[in-house]
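The task is simple: from the sequences and hints, build the whole structure.
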Amino acid sequence: MTKWHLSRRRLLAGASSAALAGSVYGRARGAYGAGKLSVGFWDHWVPGANDTLTKLARQWAEKEKVDLTIDYIPSQGNKLLLTIAAEAQARSGHDILAMNTWLPGSHAERLEPVDDVMREVLAKNGPTNPVVEYLGKPDGHWRAVPATPGSQMKGPASRIDLLKEHAGIDILAMYPPDGPATPAAEQWTWDALLAAAEKCHKAGFPFGIGLGTTSDSVDTWGSLFHAFGARLVDEKGDIVVNSDATRAALEFAKKLAAFLPGDAIAWDDGSNNRWLISGKGALIFNPPSAWAVAKRDAPHVAEKVWHHPAPKGPKGRFGPYLPYYWAIWSFSPNKSAAKSLLAHLSTREAAEQLVAASQGYDIPGYLSFNDFKTWNEEGPPRGTLRHYPPTEDQILSIAAAPAPHKIAEQIYNQATITKMIARIVQGGDSIDKAIAWAESELEGFMRG
Amino acid sequence: MAQAAAIGGAFEERGASRGGGLARRRARIAFLLCLPLILLVLALVIYPAFYSLHLATLNKSMTRFVGLANFAFLFKRETFWMVVEQSVIFAVGAVVFKALIGFVLAHLVHRLPQRGQRAWRGMLLVPWVIPPAMSTLVWWWMYEPSYSALNWLLAGMGFAPVPWLGDPYWARFAVILVNVWYGAPFFMIMYLAALKSVPAELYESAEIDGANAWQKLIYVTLPMLRNIIAITVLFSLIVTFANFDIVRILTAGGPRDMTHVFATWAFKLGIESNDIPLGACVSLFMFPILGIAAVFILRDVHRRSRELAGVAA
Numbered sequence: 003m004t005k006w007h008l009s010r011r012r013l014l015a016g017a018s019s020a021a022l023a024g025s026v027y028g029r030a031r032g033a034y035g036a037g038k039l040s041v042g043f044w045d046h047w048v049p050g051a052n053d054t055l056t057k058l059a060r061q062w063a064e065k066e067k068v069d070l071t072i073d074y075i076p077s078q079g080n081k082l083l084l085t086i087a088a089e090a091q092a093r094s095g096h097d098i099l100a101m102n103t104w105l106p107g108s109h110a111e112r113l114e115p116v117d118d119v120m121r122e123v124l125a126k127n128g129p130t131n132p133v134v135e136y137l138g139k140p141d142g143h144w145r146a147v148p149a150t151p152g153s154q155m156k157g158p159a160s161r162i163d164l165l166k167e168h169a170g171i172d173i174l175a176m177y178p179p180d181g182p183a184t185p186a187a188e189q190w191t192w193d194a195l196l197a198a199a200e201k202c203h204k205a206g207f208p209f210g211i212g213l214g215t216t217s218d219s220v221d222t223w224g225s226l227f228h229a230f231g232a233r234l235v236d237e238k239g240d241i242v243v244n245s246d247a248t249r250a251a252l253e254f255a256k257k258l259a260a261f262l263p264g265d266a267i268a269w270d271d272g273s274n275n276r277w278l279i280s281g282k283g284a285l286i287f288n289p290p291s292a293w294a295v296a297k298r299d300a301p302h303v304a305e306k307v308w309h310h311p312a313p314k315g316p317k318g319r320f321g322p323y324l325p326y327y328w329a330i331w332s333f334s335p336n337k338s339a340a341k342s343l344l345a346h347l348s349t350r351e352a353a354e355q356l357v358a359a360s361q362g363y364d365i366p367g368y369l370s371f372n373d374f375k376t377w378n379e380e381g382p383p384r385g386t387l388r389h390y391p392p393t394e395d396q397i398l399s400i401a402a403a404p405a406p407h408k409i410a411e412q413i414y415n416q417a418t419i420t421k422m423i424a425r426i427v428q429g430g431d432s433i434d435k436a437i438a439w440a441e442s443e444l445e446g447f448m449r450g
Numbered sequence: 168m169a170q171a172a173a174i175g176g177a178f179e180e181r182g183a184s185r186g187g188g189l190a191r192r193r194a195r196i197a198f199l200l201c202l203p204l205i206l207l208v209l210a211l212v213i214y215p216a217f218y219s220l221h222l223a224t225l226n227k228s229m230t231r232f233v234g235l236a237n238f239a240f241l242f243k244r245e246t247f248w249m250v251v252e253q254s255v256i257f258a259v260g261a262v263v264f265k266a267l268i269g270f271v272l273a274h275l276v277h278r279l280p281q282r283g284q285r286a287w288r289g290m291l292l293v294p295w296v297i298p299p300a301m302s303t304l305v306w307w308w309m310y311e312p313s314y315s316a317l318n319w320l321l322a323g324m325g326f327a328p329v330p331w332l333g334d335p336y337w338a339r340f341a342v343i344l345v346n347v348w349y350g351a352p353f354f355m356i357m358y359l360a361a362l363k364s365v366p367a368e369l370y371e372s373a374e375i376d377g378a379n380a381w382q383k384l385i386y387v388t389l390p391m392l393r394n395i396i397a398i399t400v401l402f403s404l405i406v407t408f409a410n411f412d413i414v415r416i417l418t419a420g421g422p423r424d425m426t427h428v429f430a431t432w433a434f435k436l437g438i439e440s441n442d443i444p445l446g447a448c449v450s451l452f453m454f455p456i457l458g459i460a461a462v463f464i465l466r467d468v469h470r471r472s473r474e475l476a477g478v479a480a
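Protein chains in written order, with the working numbering: chain A, 3 to 450; chain B, 168 to 480.
The hints are simulated quantities; they were obtained by calculation from the structure and are not laboratory data. Positions of the beta carbon are idealized from the N, C-alpha and C atoms, including for glycine. Heads up, some of the hints might be wrong.
As the list claims (entries may be wrong) - Pair ranges (Cβ atoms, derived): (1) B:L206 to A:E445: 41 to 47 Å; (2) A:Q78 to B:G234: 37 to 43 Å; (3) B:Y336 to A:T349: 54 to 60 Å; (4) A:P382 to B:L267: 54 to 60 Å; (5) A:E394 to B:A300: 43 to 49 Å; (6) A:P382 to B:V293: 44 to 50 Å; (7) B:Y336 to A:L124: 48 to 54 Å; (8) A:N80 to B:L206: 26 to 32 Å; (9) A:A125 to B:I456: 44 to 50 Å; (10) A:L124 to B:I456: 40 to 46 Å; (11) A:E64 to B:V255: 57 to 63 Å; (12) B:I456 to A:M448: 25 to 31 Å; (13) B:H221 to A:G239: 24 to 30 Å; (14) A:N80 to B:V271: 50 to 56 Å.
Claimed, not checked - Listed below are the simulated BS3-like cross-link pairs for lysine-lysine, each with C-alpha atoms no more than 30 Å apart in a straight line: (15) A:K166 to A:K257; (16) A:K57 to A:K297; (17) A:K238 to B:K227; (18) A:K201 to A:K337; (19) A:K81 to B:K227; (20) A:K238 to B:K243; (21) B:K227 to A:K337; (22) A:K166 to A:K306; (23) A:K126 to A:K38; (24) A:K238 to A:K317; (25) B:K227 to B:K243; (26) A:K257 to A:K306; (27) A:K81 to A:K57; (28) B:K243 to A:K435; (29) A:K166 to A:K317; (30) A:K282 to A:K306; (31) A:K166 to A:K204; (32) A:K435 to B:K227.
Put into structure tokens, the structure is as follows:
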């Protein structure tokens with residue numbers, strides 16, 4: 003049991019008030035002697051995944067005698083984002099809310115620091131991956147606890163058959179179903195991807211990489227920028243976009259964009275999913291959600307989809323990782339119970355159950371949790387998720403890192419990277435002009 | 168006689184004072200009946216408006232008062248002026264077409280035989296009755312980048328596909344088209360109601376004077392509809408400038424921010440990028456401009472109404 007087990011004082015206070023209330027109203031209220039807790043979890047798109055989370059939370063509530071209320075809030079239509087914004091303004095609402103990527107940092111001043119929870123959790127689970135720490139500890143303090151539901155990788159989801167037939171790439175030889183990546187995986191580079199993109203484009207199965215402003219596009223091109231060593235703003239907050247590395251990344255992006263669907267500039271996060279499911283494309287960058295939908299709607303496509311790490315660039319193999327968190331509002335009246343619940347949900351046992359319930363979609367932020375058996379067992383094709391969790395040769399990344407949080411958030415949400423590429427590809431800007439535009443945008447993001 | 172006059176005066180005075188009391192009581196009842204609405208407006212309109220004014224004067228993390236610094240910052244941003252330009256193109260373009268199409272439709276429906284008119288009126292109002300978020304989703308499906316139903320039709324007729332949402336200029340056209348489709352029925356119904364209130368004698372007199380159809384339109388219809396045209400244009404301009412759902416659903420402001428309007432850009436900055444003060448500034452930018460325009464247009468409407476009332480008297 004962790005030390006956020008409800009404190010004796012709080013329990014006694016709760017019990018005494020319950021006893022008092024019982025004597026006044028003539029009925030016992032001792033069942034929820036440790037107070038109330040209201041939680042807003044992210045509404046998982048995998049059927050049944052919420053049930054496991056509910057079960058785990060209820061087990062804790064029963065044991066701790068807490069009156070627990072759970073709401074599942076979907077991210078579709080920005081419902082979760084709007085709920086967070088509204089509760090932050092009203093300083094009222096749930097005690098705990100699910101927050102993705104940049105939100106713990108955005109609301110850092112309004113969140114209860116959870117360094118104490120994380121100290122204990124990290125001691126048990128081992129370190130988190132670097133993206134989880136970069137986003138969850140924006141000001142030197144943990145502002146939220148890494149959540150398993152919703153945390154995901156965005157590597158390629160490729161068509162085994164189309165890559166082999168049209169580009170001569172045997173993805174299973176690189177990333178086999180029963181073992182780790184083979185030495186052949188060293189050949190999986192951005193140059194190899196470009197060559198394959200050209201061949202598949204000619205064959206009528208273009209790669210489905212969006213150039214829009216939503217997360218999937220930003221993450222993919224962000225990992226390309228990292229692989230070329232291109233950064234927009236460095237750790238100190240200095241604008242460093244005007245560099246040879248950026249020019250090289252943009253030059254490459256320009257070549258690759260020529261082999262993408264003509265309307266990729268208007269794509270959103272659903273477009274690449276539809277592209278793969280329809281059988282029109284040979285590769286997309288996405289978590290296994292497209293594959294999972296294909297299992298239901300287009301099984302003949304799903305059984306040929308393989309998830310594997312991103313290609314390697316001059317500076318390494320950067321895999322886009324997007325974590326979810328659970329954060330406690332500073333105005334929560336029951337922080338002690340909230341911390342206790344989050345510690346309970348952060349155990350290895352809980353994470354393993356949650357990953358299984360998500361059919362392997364969720365990837366916990368703790369490095370030692372990357373060995374759950376679910377990923378080896380999911381299919382068809384069996385083993386398609388075997389290489390979905392982070393592998394040792396991958397550097398987990400998020401677009402716009404390592405800029406200071408408040409600046410990086412703007413770069414990411416305003417899609418500065420993909421807009422630079424779009425300006426070159428569609429707007430006819432030169433690379434230097436696109437960089438100059440980005441510099442001007444970045445200056446704006448520095449506003450305090 | 169003098170006594171009778173005095174008695175009459177006293178009665179009149181008492182009647183007047185009784186009348187005044189009745190009027191006061193009626194005014195009080197009217198105020199009480201309106202009070203829930205006034206409170207609702209205060210809570211849902213006035214308070215949020217002042218709150219957003221307050222937000223616009225805070226720094227990015229909302230911890231410090233910065234006066235008008237956010238506006239000064241915005242005015243230096245290239246993207247902001249692009250959004251201003253696009254909002255003007257979107258609102259003015261859409262309102263002009265809505266007014267023209269609404270005017271033509273109103274005339275066509277007005278000329279229909281009374282028997283079938285109701286069915287046509289109902290059918291033409293359908294776009295305006297469907298919740299815009301829902302109908303815009305259908306439009307999105309027709310424009311959808313990879314599986315556009317419109318492109319499928321074009322391909323069937325041997326034409327090349329159109330990048331409805333992928334090309335910035337086509338995307339601008341696409342969002343304006345949906346707004347016109349949605350809003351034209353409102354103009355139609357307003358103009359139709361106004362047309363029905365134009366006295367038939369005016370047209371008869373014009374006909375006797377030898378006026379042709381065009382002259383009747385210019386010298387009878389338009390002057391009689393001037394007030395309703397001004398009010399509908401003003402109302403629609405305000406609503407169209409504040410439009411969010413159509414652009415948000417169809418393009419989310421893309422490609423390259425070239426379809427953003429004030430509301431979508433404010434959402435992007437304020438909610439998605441967590442810069443609420445800057446988002447509030449963007450959303451407030453048009454407020455004074457539209458406010459001044461509203462004052463002038465409504466003053467003109469009021470003046471003309473008084474002129475017409477004078478003519479009628």
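Status of the hints after comparison with the structure:
1. L206 (chain B) and E445 (chain A) have their C-beta atoms about 45 Å apart, which keeps the hinted 41 to 47 Å range intact.
2. Our hint of 37 to 43 Å for Q78 (chain A) and G234 (chain B) holds, since their Cβ atoms are close to 38 Å apart.
3. About 55 Å separates the C-beta atoms of Y336 (chain B) and T349 (chain A), a value consistent with the hinted range of 54 to 60 Å.
4. Judged by the Cβ atoms, the range 54 to 60 Å given for P382 (chain A) and L267 (chain B) holds: they are separated by roughly 57 Å.
5. A hinted range of 43 to 49 Å holds for the C-beta pair E394 (chain A) and A300 (chain B), which are about 46 Å apart.
6. In this structure the hint that P382 (chain A) and V293 (chain B) lie 44 to 50 Å apart at CB holds, the actual value being about 46 Å.
7. For Y336 (chain B) paired with L124 (chain A), a C-beta distance near 53 Å keeps the hint of 48 to 54 Å intact.
8. Between N80 (chain A) and L206 (chain B) the beta carbons are some 30 Å apart, a value that agrees with the proposed interval 26 to 32 Å.
9. The hinted range of 44 to 50 Å is not satisfied by A125 (chain A) and I456 (chain B), whose Cβ atoms lie roughly 59 Å apart.
10. The hinted window of 40 to 46 Å between L124 (chain A) and I456 (chain B) is violated, with their beta carbons roughly 54 Å apart.
11. In this structure the supplied range 57 to 63 Å holds for E64 (chain A) paired with V255 (chain B), their Cβ-Cβ distance being about 60 Å.
12. The beta-carbon spacing between I456 (chain B) and M448 (chain A), approximately 29 Å, falls within the hinted interval of 25 to 31 Å.
13. For the pair H221 (chain B) and G239 (chain A), the beta carbons lie near 29 Å from each other, so the given range of 24 to 30 Å is met.
14. For N80 (chain A) paired with V271 (chain B), a C-beta distance near 38 Å fails the hint of 50 to 56 Å.
15. For the hint pairing K166 (chain A) with K257 (chain A), the CA-to-CA distance comes to about 22 Å; that is within 30 Å, so the pair holds.
16. For the suggested pair K57 (chain A) and K297 (chain A), the alpha carbons sit about 27 Å apart, so the restraint of at most 30 Å is met.
17. Of the pairs offered as hints, the one joining K238 (chain A) and K227 (chain B) holds, with about 19 Å between alpha carbons and a cut-off of 30 Å not exceeded.
18. Proximity of K201 (chain A) to K337 (chain A) is assessed by CA-CA distance (about 56 Å); at most 30 Å being required, the pair is judged violated.
19. At most 30 Å may separate the alpha-carbon atoms for a hinted pair to count; K81 (chain A) and K227 (chain B) meet this at roughly 23 Å.
20. Proximity of K238 (chain A) to K243 (chain B) is assessed by CA-CA distance (about 25 Å); at most 30 Å being required, the pair is judged to hold.
21. Taking the CA atoms of K227 (chain B) and K337 (chain A), the gap is near 27 Å; set against the 30 Å cutoff, the hint holds.
22. In summary, the hint linking K166 (chain A) to K306 (chain A) is supported, as the alpha carbons are separated by about 11 Å, within the 30 Å threshold.
23. Our distance criterion of 30 Å between C-alpha atoms is met by K126 (chain A) and K38 (chain A), whose separation comes to about 28 Å.
24. At roughly 21 Å between alpha-carbon atoms, K238 (chain A) and K317 (chain A) fall within 30 Å of each other, so this suggested pair holds.
25. For a cut-off of 30 Å, the pair hint linking K227 (chain B) to K243 (chain B) stands: about 17 Å separates their Cα positions.
26. For the suggested pair K257 (chain A) and K306 (chain A), the alpha carbons sit about 27 Å apart, so the restraint of at most 30 Å is met.
27. Only pairs whose Cα atoms come within 30 Å are accepted, and K81 (chain A) paired with K57 (chain A) is accepted, the gap being roughly 24 Å.
28. Taken as a hint, the K243 (chain B) and K435 (chain A) pair is honoured in the structure, with Cα atoms around 18 Å apart against an allowance of 30 Å.
29. Distance check on the hinted pair: K166 (chain A) and K317 (chain A) sit about 27 Å apart at the alpha-carbon level, within 30 Å; holds.
30. Between K282 (chain A) and K306 (chain A) the alpha-carbon distance is near 13 Å, which keeps this suggested pair within the 30 Å criterion.
31. For the suggested pair K166 (chain A) and K204 (chain A), the alpha carbons sit about 14 Å apart, so the restraint of at most 30 Å is met.
32. For the proposed pair K435 (chain A) and K227 (chain B), the alpha carbon gap of about 28 Å is at most 30 Å, so the pair holds.
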